[in-house]
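Asker: Using this note's numbering, you'd call the opening residue of the sequence shown number 341 and step up by one each time.
Do not rely on the hints blindly, as some may be mistaken.
Straight line, CA to CA, 30 angstroms or less: simulated DSSO-like cross-link-like pairs of lysine-lysine [said to hold, decoys possible]:
#, residue 1, residue 2
1, 436, 449
2, 417, 439
3, 390, 439
4, 390, 449
5, 448, 436
6, 417, 390
7, 449, 417
8, 390, 448
9, 400, 417
Each pair of labels, with its calculated beta carbon distance range [unchecked claim]:
#, residue 1, residue 2, range
10, 413, 449, 40 to 46 angstroms
11, 438, 409, 16 to 22 angstroms
12, 435, 415, 20 to 26 angstroms
13, 412, 445, 15 to 21 angstroms
These aren't lab readings, by the way, just hints derived from the structure by calculation.
Don't be surprised by glycine CBs; every beta carbon is placed ideally from N, CA and C.
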Amino acid sequence: MITKLNTALSVIIMNDNENMQDNVYIQVVETLTVGVQTHQEINWAEVESKLTKEIDQLTKHIENQDRMLNSGDFRSKAPAHIIADREKSLQENREKLIKMNEELENVKKNK
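Construct all of the structure, not just a fragment, from the sequences and the given hints.
Answerer: Right under this line is the structure:
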């Protein structure tokens, strides 16, 4: 996930119908819309591109993890704790991918 877009100037709680400026990042959580104002305009195309690349990389990593865990050869040779660790890692990565896709949708709304 993107760890830092910019330095926050302020955090604003808004009505859904308020006009957004180009330097405000919007996050919608259920019925609450939060805007984070930055010092400069956010390049949403760049943010979307970086996030899409990260999603693609994580998707490939998940596919590799899944392929390995579904390999009978790996399961027959690996100790149980290694298999459990890999399964936990796969689940965490799947959850991270869901959050990253939600973030991408928010970025697209901000464009």
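Asker: Of the hints given before, which are not true for this structure?
Answerer: Of the numbered hints, 2, 6, 7 and 13 do not hold.
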